[in-house]
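*Asks:* As a plain string of letters, each chain reads:
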Amino acid sequence: MNSIFVSVLAASALFVAGCGGSKAPETAKEESAAPAATAPPIDEANAATITGKVAFTGDKPTMRAIDMSANPICARAHAGSPQHSEEVVVNGNGTLKNVFVWIKTGVPDRQWPVPSTPVEIAQKGCTYGPHVIGVMAGQDIKIVNDDPTNHNIHPMPKVNQEWNESQPPNGDPKLKKFAREEVMIPVKCNVHPWMRAYIGVVNHPFFAITGDDGTFTIKGLPPGKYTIEAWHEKYGTQDVDITVGAKESKTQDFDSAQMKTS
Amino acid sequence: MNQVLLHRYAVLWSFCTLFLVVAGGLVTSNDAGLSVPDWPLSYGKLMPPMEGNIFYEHGHRMVATTVGLLTIGMVVWLMCAERRRWLKNLGWISLLAVIAQGVLGGMTVIFLLPKPVSIGHACLAQLFFSTTVAIALFTSGGWQRGRQFVDDSGAPPLHWLALAAAACVFLQLALGAAARHQAIGILPHVIGALLATGMVLWVTVRVLMRHAGHDALRRSALAVLFITILQVFLGIAAYMSRVATAEAPQPMPVMVGFTVAHVAVGALTLASSVVLAIQIFRHVRRPLAELQTEGVAVPSA
Ligand code: HEM
Ligand SMILES: [Cu+2]
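Keeping their order, the protein sequence lines are chains A and B.
Numbering of the first sequence is given in our numbering, commencing with residue 1 and proceeding in unit increments.
Numbering of the second sequence is given in our numbering, commencing with residue 1001 and proceeding in unit increments.
So here's chain A without its partners, still in its complex pose:
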């Protein structure tokens, strides 16, 4: 009998220990993280370009229709043709949409200029559009509610500061930014648990997202050696080492079958 007692005690101790420390440290500050000192001017003239496409290999999964009946306002926006999950979107030409491609390592450590125009993400018909966005660290994200219903916006970062705010029907846009590089931050709405988006936050401007043709272009890259990564919400990531010379245009394709989930 004693052994049962001991294992009960041990299990509860484990349980208590397991509960602690699950909260990510609140590291993020409002300003951008550690800018590199005096940066030399960017050498636009020698800049290289990487283009490519992300192929989809395998059986094309059928994406489920979303049941929006829990909120008639949402359901009405899709009357006749229900919205489908955007977890995997395979384009007509056999490529994969919504892949975030970025230079993961090798970019010179300097303060890259942050665009003053925000990147917009809209809540429309109780879905996020676009499904995946990319911003630079410190760049504004403009969150718009086009729906006649309430949403809450809840990004779930691990490195940046987590937050959760509501946005009333057709309410004022929100301007938000993330201070630190993080690929990717999932975003959800708990009012409509099917709503999901992803935000890639990068310290430099060298990222792109595949669209309806599955291609991407990363421009203005200084010559050098890099690791370029393609990220997809379901299939994971594929990292490739690549070297580009001055003014060079290189092609680098990716394939969903080569991606790995961590």
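Calculated from the structure, these hints are not laboratory results.
Among these hints, one or two may not hold up.
Said to hold, decoys possible - Here are a few chain B residues that face chain A, going by a calculated C-beta distance under 8 Å:
| no. | residue |
| --- | --- |
| 1 | 1032 |
| 2 | 1043 |
| 3 | 1051 |
Here a beta-carbon is modelled for each residue, glycine too, at the ideal position from N, C-alpha and C.
Assemble chain B with the ligands onto chain A, guided by the hints.
*Replies:* Chain B with the ligands alone, transformed into the frame defined by chain A:
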């Protein structure tokens, strides 16, 4: 007469609490916990539009408020009409628990569902429900009729078994809550189910084999046995429905239904095993000789 009314009120109170447990389970299963980002107000109002998951989160807050008010009523009633001091104290403890539960609930909202807080909220909910059931038992007519002693000898003592079974059930609920809030995997909860079910079988079979003639003991043992078996099947159903709907873009009604039933019957499992333990402590005596050989001080008659 008053006593009958008090008991009925206590029964109503524990039914409302069970309903609150269901409402809370619906919040978690529908991932609605953060659909209302503010607390204590909801969207800055007492009554937000009940659209989408706001219905579950705000509905849960409304049921919780009702149970809180019922608890205050219970304490007032006990203070006015109850003679037993320890029962009044238990009333106060239940009030403290419901307040702590409200604070934990608010913290889950404000601090974005930190796992220890959500798990604590789930565990305290279970303890609170069992307390309401125990108070309903203590105010019942059956309880007023006094003790009908039976003897039970042998190791381990039945009292010990009953306590261990209730403790294992509670641990099992805690593991379930931790799994639900993704602090741990499902495996410890599955293994724990073997332990908890084993303990429940041990104590109930022993009661039914030795004391089936004792109404209170037989009934409470049968209740624990039946509820636990039901709970195991609901657990399997909840697991299977979760696996079957894993690819779905949103929480699916089958999964939510079985899971919430599992949470609610889990509350009943704990409450019934607490009741069984109470009844065993009330009615079962160990033979004098056995106590003396263990060196327990037995007051001379
Ligand atoms: C008498 C008081 C209360 C009881 C007995 C109770 C019970 C419960 C139960 C049983 C759950 C499900 C736990 C699980 O899934 O394992 C839950 C979840 C929840 N409750 Fe309560 N509750 C009470 C008060 C409150 C209050 C006042 C709030 C205020 C906002 C609240 C907010 C929540 C939230 C947000 C969840 C979901 C937690 C999550 O998703 O992690 N509760 N509650
Ligand atoms: Cu929404």
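*Asks:* Taking the closest Cβ pair, is residue 1043 of chain B under 8 Å from chain A?
*Replies:* 6 Å, holds
*Asks:* Tell me if residue 1032 of chain B is really an interface residue toward chain A, meaning its C-beta lies closer than 8 Å to one of theirs.
*Replies:* Status holds, d = 6 Å.
*Asks:* Given residue 1051 of chain B as an interface hint, is the shortest Cβ-Cβ distance to chain A below 8 Å?
*Replies:* Holds: closest Cβ of chain A sits about 5 Å from residue 1051 of chain B, inside 8 Å.
Going through the hint list in order, the structure satisfies each hint without exception.
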